[in-house]
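Novice: Single-letter residue listing:
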Amino acid sequence: MVLALIIDGPLTPEFEARALLAHADQWRLLAHDGTIGATLRFEGVVRRAERDPEAADVERDLLALDYQTYDPMAQRGLEALAASVAERHGLRSIVALHSRGRVGVGEVSFVLEVAAPHRVETLAAVADFIDRLKQDVPIWKRAVWAG
Amino acid sequence: MVLALIIDGPLTPEFEARALLAHADQWRLLAHDGTIGATLRFEGVVRRAERDPEAADVERDLLALDYQTYDPMAQRGLEALAASVAERHGLRSIVALHSRGRVGVGEVSFVLEVAAPHRVETLAAVADFIDRLKQDVPIWKRAVWAG
Amino acid sequence: MQVEVLIFGAASFGAKTDRVTVEVSAAPTVREVLAALHAQHPALKFALPPPASGRLAVNHSFARGDQAIRPGDEVALITLVGGG
Amino acid sequence: MQVEVLIFGAASFGAKTDRVTVEVSAAPTVREVLAALHAQHPALKFALPPPASGRLAVNHSFARGDQAIRPGDEVALITLVGGG
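Just so you know, the protein sequences line up as chains A, B, C and D, in that order.
Using our numbering, you'd call the opening residue of the first sequence number 18 and step up by one each time.
Using our numbering, you'd call the opening residue of the second sequence number 18 and step up by one each time.
Using our numbering, you'd call the opening residue of the third sequence number 565 and step up by one each time.
Using our numbering, you'd call the opening residue of the fourth sequence number 565 and step up by one each time.
Since the hints were derived computationally from the structure, they do not count as laboratory data.
Just so it is clear, the structure is predicted and the values come from calculations on it, not from any experiment.
Note that the Cβ used here is the ideal one computed from N, Cα and C, for glycine as well.
Heads up, some of the hints might be wrong.
[Claimed, not checked] Computed Cβ-Cβ distance ranges for the label pairs, DEER-style: (1) A:Met18 <-> B:Glu31: 21 to 29 Å; (2) D:Ala591 <-> B:Ala97: 55 to 63 Å; (3) A:His49 <-> B:His40: 29 to 37 Å; (4) B:Arg105 <-> A:Asp78: 22 to 30 Å; (5) A:Ala39 <-> B:Ala72: 41 to 49 Å; (6) A:Ala41 <-> D:Lys580: 39 to 47 Å; (7) B:Phe32 <-> A:Gly51: 19 to 27 Å.
Bound-form chain A, shown alone (with noise of 0.2 Å):
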């Protein structure tokens, strides 16, 4: 199963429950289809303190990141890039979702779930995937600072 979602605002449990829902049956039958030795999932998180590139790189403090995507060629990157970490690491599952606009400090912008017959193949999968997304997929974040 490849899924890659660009979603408006955080990522929240809730949000990410009905965004998958769709694919649930799916998700069950392949989590007990025994082939599944690991499971990895990720959470990019927005922290409150970044280095202000505008002020000689000295860290402020943050309200929010804004996650500016240039789409539909983003979400289509998401999908291409997912669909190939998961040819290229045997992957079984993966589940990639990414916000778009405003996420507040301490809510989620990114999560990616793999799963997989064993761990070595989860572990280089997420980093693969985060490697390459940070070069290929057009996503970019501006600063939301505090006061």
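Please build the complex by placing chains B, C and D on the supplied structure of chain A, with the hints as guidance.
Specialist: Chains B, C and D in isolation, oriented as in the chain A frame:
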């Protein structure tokens, strides 16, 4: 926050929620303090096919794995490992849960969830923890073969 | 001909707009449009890699340097991205 | 003296017991107990690493090879583990 527990039977979301309830306030505070940029959660799942060391390492179908722990050394070892990995990788939080006893195919026997300022620390910590778990914590598994 | 180039991220915030226009010869290549961006929009330079390594998306796909831009193509400058 | 050694995992399933006893000199070291396990319990050999690299836990802590075992200590053979 460092938490390590050995729990009888498979790890279910309901069981985990109950086990962590005592620490919910601590966790909520941490989640909103703005220092966490990444969380990573690993789940180890029992696969159907395993190699049988007593039958020329051919793959056979499992019903379950039986996890045997040397208590209280296993519990203390899990705690010490969690504390050591948290310190070595600068984690803000680590939760490690391991099953004791029977865990069926498709069920979860091991959960590791870490939180840190950046993703690299979480990936390194999970890989490091599992490697050392498989060397130093006195937990053994026994296959319960199907048929 | 004129080519309109969509811009994003720091480039867009700095220029306070989401698109710029460059004046180029007819049927320019991607490389020529990148060079024109450098020459004609110095305010964007901080966000631009050297023209040889810059990246344009043409109709929502990354384009090679020698690809020709046709009238009506959607052209976007993909500066350093920062998802996740 | 006699030392009782707890066994686990494949060693225990193979031997169909959770403990074995070895006959050693008084105040033996960890290394001496490991060598005695090898010599006196050949059925355990498949699960035992070479005595020099074997691991005993004494009172629930991994013990160095030169550590002396005292009467009343809880001694456990920690063969290859397999959590996770």
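Novice: Tell me if the beta carbons of Phe32 of chain B and Gly51 of chain A are separated by a distance inside 19 to 27 Å.
Specialist: Roughly 21 Å apart at Cβ, these two residues keep to the hinted range, so it holds.
Novice: Hint says 39 to 47 Å; check whether the CB-CB distance for Ala41 of chain A and Lys580 of chain D agrees.
Specialist: Distance hint for Ala41 of chain A, Lys580 of chain D holds at roughly 45 Å.
Novice: Tell me if the beta carbons of His49 of chain A and His40 of chain B are separated by a distance inside 29 to 37 Å.
Specialist: 30 Å, holds
Novice: Starting from the range 41 to 49 Å, see whether the pair Ala39 of chain A and Ala72 of chain B falls in it by beta-carbon distance.
Specialist: 43 Å, holds
Novice: Range hint 55 to 63 Å: satisfied by the CB atoms of Ala591 of chain D and Ala97 of chain B?
Specialist: 28 Å, violated
Novice: Evaluate the given range 22 to 30 Å for the C-beta pair formed by Arg105 of chain B and Asp78 of chain A.
Specialist: About 28 Å separates the Cβ atoms of Arg105 of chain B and Asp78 of chain A, which means 22 to 30 Å holds.
Novice: Holds or violated: 21 to 29 Å for the Cβ distance of Met18 of chain A and Glu31 of chain B?
Specialist: 24 Å, holds
Taken one by one, the earlier hints fail for this structure only at number 2.
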